[in-house]
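Q: Here is what each chain is made of, one letter per residue.
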Amino acid sequence: MTAADPTELYTTDVVAVGSLVADFVQSGVLVLFGEQAPEELHEFSVLHRPRVQVAGPAVGDVVVLGDVRLPVLAVGDVVAANLLQLGHLDLKADGRDVPTMPGDVCVPEGSLPAVQVGQTIRILRPAPMPAPERTTP
Amino acid sequence: MTEYRSVTVTKGRGGWGGPLTITPTDDRPLIYSVTGGGIHPVAARIAELTGGEPFDGFRSSAPFDRIAVAVIDCGGTARIGVYPMKKVLTVDVHSTSPAGPLANFITEKLFVSGVGLDDVVAL
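For the record, the sequence lines run as chains A and B. According to the working numbering, the first sequence is numbered sequentially starting from 18. According to the working numbering, the second sequence is numbered sequentially starting from 3.
Bound conformation, chain A alone (with noise of 0.2 Å):
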């Protein structure tokens, strides 16, 4: 029997990738705003246009960037509401399990890779694991 499929909660595909996004990744921030954004804040994100929007992120999900998955150890309050209604997302690899800011995701320390024009980046439940089969004595 094959695990089930992770649940797609948020599909998006790069558009632009601001000169300030290496900075920041260095940093330990890794800032995505939809392609809406105002241009004062296209220096430093990483911009997008999403596929799949149907939830933010909870911790235990991962947030898949190219070919680098990132486990979610913490989210703020107000995550899902910037993410549906903006595309914005705060990426911290700051490896925190309570957040700093009420817009941060916390993932690993370290752990940001550097983002390109055409990436996908997802954001993924994983299934549940299936209940073990009972066995009879």
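Check before you lean on any hint, since a few could be wrong.
Stretch-level coverage of chain B by chain A, calculated; a stretch enters the list once three of its residues show a Cβ under 8 Å from a Cβ in chain A [stated by the list, open to error]:
1) 33-41
2) 70-80
3) 92-98
From chain B, some residues computed to sit far from chain A (all C-beta separations above 10 Å) [claimed, not checked]:
4) 6
5) 7
6) 12
7) 21
8) 22
9) 28
10) 30
11) 51
12) 63
13) 67
14) 89
15) 106
16) 107
17) 118
18) 123
19) 124
If you're looking for bench data, these hints aren't it; they were derived computationally from the structure. Just so you know, even glycine gets a beta-carbon here, dropped at the ideal spot from N, CA and C.
With chain A fixed as given, assemble chain B onto it according to the hints.
A: Same frame as chain A, but now just chain B:
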């Protein structure tokens, strides 16, 4: 010529910074809402009390030197610093304090957070 009035915006519960006095002018008439779901009620309130012009930053863009105040619903990383960096008065409806890569630009004279409708008062 439009007659503009002033409001004071104080920090709400758990908020930081301010109080800010906001007075739109003919050069800077815009109450610039960079928030999800259109013009935020706090921005609408500031506009109503001051006579400033509500403006949705996610629908069209405006130059910084036209903005009387930016109203944001920032979770603490990005928008929190962008407008202070450009010396634009900034009101965050969430209870954030200076953080993120742009934290150095965020001062009590430029920024106030945790702001609800009751924290906007006509002068």
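Q: Give a verdict on every hint.
A: These are the hints, each one checked on the structure:
1. 33-41: n = 3 at 8 Å, threshold three: holds.
2. 70-80: Coverage by chain A holds here, the residue count being 6 at a Cβ distance below 8 Å.
3. 92-98: holds (count 3)
4. 6: holds (24 Å)
5. 7: holds (27 Å)
6. 12: holds (20 Å)
7. 21: Nearest chain A Cβ is 22 Å from residue 21 of chain B, so the label holds.
8. 22: Non-interface label stands for residue 22 of chain B: nearest chain A Cβ at 19 Å, farther than 10 Å.
9. 28: holds (22 Å)
10. 30: Answer for residue 30 of chain B: holds, closest chain A Cβ roughly 16 Å.
11. 51: Holds, since 24 Å exceeds 10 Å.
12. 63: Given a closest Cβ separation of 5 Å, the condition is violated.
13. 67: Consistent with the label, residue 67 of chain B stays out of reach of chain A, its closest Cβ about 12 Å off (over 10 Å).
14. 89: holds (13 Å)
15. 106: holds (12 Å)
16. 107: The claim holds: residue 107 of chain B sits with its nearest Cβ about 13 Å from chain A, beyond 10 Å.
17. 118: Label holds. Min Cβ-Cβ 15 Å, cutoff 10 Å.
18. 123: The claim holds: residue 123 of chain B sits with its nearest Cβ about 25 Å from chain A, beyond 10 Å.
19. 124: Since the minimum Cβ distance to chain A is about 28 Å, residue 124 of chain B lies beyond 10 Å and the statement holds.
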